[in-house]
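*Asks:* So the sequences go chain by chain: A and B. Going left to right, the first sequence walks through residues 356 to 467 as the numbering used here numbers them. Going left to right, the second sequence walks through residues 38 to 150 as the numbering used here numbers them.
Be aware that one or more of the hints could be misleading.
Said to hold, decoys possible - Incomplete in silico selection of chain A near chain B, CB under 7 angstroms: (1) Tyr403; (2) Ser406; (3) Tyr424; (4) Phe441.
As the list claims (entries may be wrong) - Quick look at which bits of chain B chain A covers, simulated, 3 or more residues with Cβ under 8 angstroms: (5) 39-49; (6) 75-88.
Hints were generated in silico from the structure; no laboratory data involved. Predicted model, so just to flag it, every value in this text is computed and none were measured. Beta carbons are placed, not taken as given, at the ideal position from N, Cα and C, and that holds for glycine.
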Amino acid sequence: GIQVEQSPPDLILQEGANSTLRCNFSDSVNNLQWFHQNPWGQLINLFYIPSGTKQNGRLSATTVATERYSLLYISSSQTTDSGVYFCAVASILTGGGNKLTFGTGTQLKVEL
Amino acid sequence: EAGVAQSPRYKIIEKRQSVAFWCNPISGHATLYWYQQILGQGPKLLIQFQNNGVVDDSQLPKDRFSAERLKGVDSTLKIQPAKLEDSAVYLCASSRDRGNEQFFGPGTRLTVL
């Protein structure tokens, strides 16, 4: 099946700092989503971005499908940004089932 | 628009007991998914429904897990009998159709003692 690797695995930032999270995947995809899992376990949708660039407030994401990677940018980080960030993809090879395969996540902690 | 609803939020049972989880997807969403998330890992798909038919249940341990989606709306996931390794968060998600953005519910945290 498709492989999804995220980096870095852990990240500690001072409030106000910027960061870039990376997601590499091993096959062509027809779905790529970024999620934030908050300390209560809720998966919050950040971006649905199988290709291209999107922005939402302090967050933006870029997926370069031909090179099989996606980047999530967090600017002016806040303590409420803390949690685990997951990249999840669905491979075209799964026959259209849209099963999401998740990466292992990036654990982010933003300190005052 | 209401999100994906799940109940219960927490459940503690002893091994060999049975348990059931309920999910109500976003209105109008044809595709429903159950994922299992073990502590420290990303969620893994257990079963996917398209309306009331199963699309993918290749990762469902069918000797103890079962799921149904009667009438193509609500769904239940059952474990019988439970094992210690079933301790996890069970997440339900839905999407308008296959290939569309998936939205997750709050999950049910299961502890098997």
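*Asks:* Looking back at the numbered hints, which does the structure fail to meet, lowest number first?
*Replies:* 2, 3 and 5
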